[in-house]
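Visitor: Each chain, letter by letter, is given below.
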Amino acid sequence: MSYKGRAILRDAIYEARASWAFVERNINLVKRYWGWEVVWLVYSIVNSLAVTFIGAGMEKISGQAVDSDYLILYLLVGTLVWSYLSVVFNSISEMISWERWEGTIEYTFMAPVRRFTHMIGTTMFAVFYGILRTLVILGAIVLFFNISLSNANLAGAIVTLLVGSISFIGFGVLASILPLLFPERGSQMTHIVQALLLLVSGVYYPVETLPGWMQSVAVFSPATYVLEGMRQALLSGESIPGLLPNLWPPLVIGVVCIPVGLIIFSRAEKYVKYSGRLKRSG
Amino acid sequence: MNNTGLNVTNVTKTFVDRKAFNLNRLWGRPAKTVTAVEGVTLRIERGGVVGLLGPNGSGKSTLVRLISTLLIPNSGYIEVFGHDVQREELTVKTLINRVSVEASFFKKLSPIENLLYAARLYGVRGKEIKLRGKEILMELGLEESRLYQPMEKMSRGMQQKVAIARGFLTSPILILLDEPTTGLDPRSKRQVQAFIRELRKEHDATILLTTHDMTEADVLCDRVAIIESGRIIAKGTAEELKGTVVEPEGDKPTLEDVFIQLTGKTLQEKEMGKNEL
Numbered sequence: 001m002s003y004k005g006r007a008i009l010r011d012a013i014y015e016a017r018a019s020w021a022f023v024e025r026n027i028n029l030v031k032r033y034w035g036w037e038v039v040w041l042v043y044s045i046v047n048s049l050a051v052t053f054i055g056a057g058m059e060k061i062s063g064q065a066v067d068s069d070y071l072i073l074y075l076l077v078g079t080l081v082w083s084y085l086s087v088v089f090n091s092i093s094e095m096i097s098w099e100r101w102e103g104t105i106e107y108t109f110m111a112p113v114r115r116f117t118h119m120i121g122t123t124m125f126a127v128f129y130g131i132l133r134t135l136v137i138l139g140a141i142v143l144f145f146n147i148s149l150s151n152a153n154l155a156g157a158i159v160t161l162l163v164g165s166i167s168f169i170g171f172g173v174l175a176s177i178l179p180l181l182f183p184e185r186g187s188q189m190t191h192i193v194q195a196l197l198l199l200v201s202g203v204y205y206p207v208e209t210l211p212g213w214m215q216s217v218a219v220f221s222p223a224t225y226v227l228e229g230m231r232q233a234l235l236s237g238e239s240i241p242g243l244l245p246n247l248w249p250p251l252v253i254g255v256v257c258i259p260v261g262l263i264i265f266s267r268a269e270k271y272v273k274y275s276g277r278l279k280r281s282g
Numbered sequence: 001m002n003n004t005g006l007n008v009t010n011v012t013k014t015f016v017d018r019k020a021f022n023l024n025r026l027w028g029r030p031a032k033t034v035t036a037v038e039g040v041t042l043r044i045e046r047g048g049v050v051g052l053l054g055p056n057g058s059g060k061s062t063l064v065r066l067i068s069t070l071l072i073p074n075s076g077y078i079e080v081f082g083h084d085v086q087r088e089e090l091t092v093k094t095l096i097n098r099v100s101v102e103a104s105f106f107k108k109l110s111p112i113e114n115l116l117y118a119a120r121l122y123g124v125r126g127k128e129i130k131l132r133g134k135e136i137l138m139e140l141g142l143e144e145s146r147l148y149q150p151m152e153k154m155s156r157g158m159q160q161k162v163a164i165a166r167g168f169l170t171s172p173i174l175i176l177l178d179e180p181t182t183g184l185d186p187r188s189k190r191q192v193q194a195f196i197r198e199l200r201k202e203h204d205a206t207i208l209l210t211t212h213d214m215t216e217a218d219v220l221c222d223r224v225a226i227i228e229s230g231r232i233i234a235k236g237t238a239e240e241l242k243g244t245v246v247e248p249e250g251d252k253p254t255l256e257d258v259f260i261q262l263t264g265k266t267l268q269e270k271e272m273g274k275n276e277l
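Chains A and B, in that order, are what the protein sequence lines are.
Residues 1 to 282 (my numbering) are what the first sequence spells out, left to right.
Residues 1 to 277 (my numbering) are what the second sequence spells out, left to right.
Read the hints as simulated data drawn from the structure, not as lab findings.
Note that the structure is predicted; figures quoted are calculated from it, not measured.
Treat the hints loosely; a few may be bogus.
[Claimed, not checked] Below 27 Å or equal to it, Euclidean Cα-Cα: the simulated BS3-like pairs (lysine-lysine) are:
no., chain 1, residue 1, chain 2, residue 2
1, B, Lys108, B, Lys134
2, B, Lys108, A, Lys31
3, B, Lys242, A, Lys279
4, B, Lys189, A, Lys31
5, A, Lys270, B, Lys32
6, A, Lys31, B, Lys130
7, B, Lys201, B, Lys127
8, B, Lys130, B, Lys189
9, B, Lys242, A, Lys31
10, A, Lys31, B, Lys252
11, B, Lys189, B, Lys201
12, A, Lys279, B, Lys201
13, B, Lys153, B, Lys130
14, B, Lys242, B, Lys201
15, B, Lys107, A, Lys31
16, A, Lys279, B, Lys108
17, B, Lys107, B, Lys32
18, B, Lys127, A, Lys279
19, B, Lys107, B, Lys134
[As the list claims (entries may be wrong)] Partial list, computed: chain B residues near chain A (C-beta under 8 Å):
no., residue
20, Phe15
21, Phe81
22, Leu90
23, Thr94
24, Arg98
25, Glu102
26, Lys108
27, Glu113
28, Leu121
29, Leu147
30, Pro150
31, Lys153
[Said to hold, decoys possible] Some chain B residues judged to face chain A by a derived CB distance under 7 Å, without partners named:
no., residue
32, Ser68
33, Leu70
34, Ile72
35, Lys93
36, Ser104
37, Leu109
38, Arg120
39, Gly123
40, Tyr148
Note that the Cβ used here is the ideal one computed from N, Cα and C, for glycine as well.
Go ahead and model the full structure; you've got the sequences and the hints to work with.
Guide: Shown next, in the form of structure tokens:
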């Protein structure tokens with residue numbers, strides 16, 4: 001291998017090791033805060049069950065015959081996908097708030113780590129943790145409902161979720177700039193962004209139910225496409241080519257938002273270092 | 001490698017008072033500013049130890065943050081072993097580390113877990129972190145049983161020892177010690193001071209030490225600078241500085257005497273009237 005090749009390989013190993021630091025730290029934090037993890041997991045399972053029971057009870061609510069199995073699966077997809085996307089979004093968008101709260105932010109920012117590596121590490125954990133958590137919730141729900149996935153295209157669902165993850169990583173990177181710039185209220189701002197996505201993306205209802213202006217906003221939410229794609233794959237068994245209309249928009253959103261987010265984050269980092277806001281803990 | 005470990009040239013750092021800024025902007029007045037560091041020039045030769053003395057709010061920590069790449073100066077420049085901290089930020093970061101007065105950690109994580117996180121960011125392998133981290137902490141007098149307990153269960157002195165281990169574990173060639181012994185009991189203080197001396201001897205580290213402790217500065221530092229209201233008001237070896245003051249009642253002057261004569265107040269008096277910046 002040439003000298004240049006060896007240098008590139010050395011750098012790649014160095015960056016991979018630094019990325020792993022964030023993954024390992026977050027795994028250790030999850031283990032140490034296990035009590036809170038149990039609380040949130042139980043809350044998420046109960047919340048998902050409560051939503052899914054609406055589907056089971058719809059016949060009694062409306063007094064008309066409905067396809068309960070379809071409705072249960074429709075709501076289940078919404079609650080599970082939203083749970084997963086929320087974890088990915090929160091893990092990334094709150095990486096700054098969390099370190100400010102612990103008081104370690106200066107040490108992380110002083111370390112010789114590119115912000116891209118920082119994001120990669122945080123993202124790897126977010127995706128791994130999100131998938132694991134969602135599977136546990138699904139496992140719990142399966143105990144209560146007779147869910148049939150005989151018509152589902154599971155490969156299509158996985159592809160849709162992975163592509164959707166890219167878009168939510170991009171949104172998370174953009175949202176993480178808020179806590180960096182606004183130590184006191186940045187974290188709250190990211191929750192507002194998340195709440196708006198929940199409202200307009202058709203998590204528990206078709207987007208067409210929303211008023212016209214909200215439907216216009218929904219076009220810009222990657223969750224709209226991920227949810228629609230997941231439902232098509234799991235409820236109708238849509239093939240991957242058939243899923244394309246719901247795959248390319250979140251992919252484009254992710255491909256644009258990640259580099260743009262990193263550039264803006266880097267500018268914001270310079271600003272907070274100039275203004276002395278990095279140290280402030282809110 | 002460049003023989004000058006740290007070169008701070010004419011550095012000034014000013015902060016804008018945010019609340020006053022908003023009100024002033026309403027009335028069309030210029031923003032209110034606070035100058036934390038003003039025209040500071042400081043040089044440390046490779047392997048040297050320079051002490052920076054000053055009361056709370058004098059600009060010591062701001063200067064350390066400027067060197068650590070955590071703040072960007074308004075004017076002037078800083079070089080670490082010939083590398084500009086702004087233009088070659090990533091290179092500088094690999095050469096330095098810092099121990100600050102606040103032992104900032106993930107409180108629920110153990111010392112070893114915190115060290116794993118911090119040192120991996122510098123490319124240190126996990127096995128080496130566990131081995132060397134344990135060695136340093138034991139040398140600083142931390143019991144082995146403490147290494148795997150959450151940091152929140154440890155005293156401030158113990159946490160500070162972990163902070164010192166974190167600072168040295170990445171083998172920095174410039175180490176910034178920002179009041180590393182503040183709040184430690186006398187025994188711990190001596191252990192830390194002995195460790196700093198040993199590291200200097202064995203690893204040829206260049207050190208900037210900020211402290212309130214005049215005796216500590218006298219014992220550990222080759223040269224001393226006194227900073228007040230963001231400006232360096234005196235610098236030289238401890239003996240040179242002592243030579244500039246009148247001997248009080250025939251006794252040999254101390255660095256405390258130097259400080260009193262140069263600023264007109266004792267450190268304690270200064271600290272009572274100021275808040276940390």
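Visitor: Take the hints in turn and mark each one as holding or not.
Guide: We went through each hint and held it up to the structure:
no.	hint	verdict
1	Lys108(B) to Lys134(B)	holds, 19 Å
2	Lys108(B) to Lys31(A)	holds, 10 Å
3	Lys242(B) to Lys279(A)	violated, 36 Å
4	Lys189(B) to Lys31(A)	violated, 34 Å
5	Lys270(A) to Lys32(B)	holds, 21 Å
6	Lys31(A) to Lys130(B)	holds, 19 Å
7	Lys201(B) to Lys127(B)	holds, 25 Å
8	Lys130(B) to Lys189(B)	holds, 24 Å
9	Lys242(B) to Lys31(A)	violated, 55 Å
10	Lys31(A) to Lys252(B)	violated, 58 Å
11	Lys189(B) to Lys201(B)	holds, 19 Å
12	Lys279(A) to Lys201(B)	violated, 33 Å
13	Lys153(B) to Lys130(B)	holds, 20 Å
14	Lys242(B) to Lys201(B)	holds, 26 Å
15	Lys107(B) to Lys31(A)	holds, 13 Å
16	Lys279(A) to Lys108(B)	holds, 21 Å
17	Lys107(B) to Lys32(B)	violated, 37 Å
18	Lys127(B) to Lys279(A)	violated, 31 Å
19	Lys107(B) to Lys134(B)	holds, 18 Å
20	Phe15	holds, 5 Å
21	Phe81	violated, 14 Å
22	Leu90	holds, 5 Å
23	Thr94	holds, 4 Å
24	Arg98	holds, 6 Å
25	Glu102	holds, 7 Å
26	Lys108	holds, 4 Å
27	Glu113	holds, 5 Å
28	Leu121	holds, 4 Å
29	Leu147	violated, 14 Å
30	Pro150	holds, 7 Å
31	Lys153	violated, 12 Å
32	Ser68	holds, 5 Å
33	Leu70	holds, 6 Å
34	Ile72	holds, 5 Å
35	Lys93	holds, 4 Å
36	Ser104	holds, 4 Å
37	Leu109	holds, 6 Å
38	Arg120	holds, 4 Å
39	Gly123	holds, 5 Å
40	Tyr148	violated, 11 Å
Against the hints set out earlier in the document, violations occur for numbers 3, 4, 9, 10, 12, 17, 18, 21, 29, 31 and 40.
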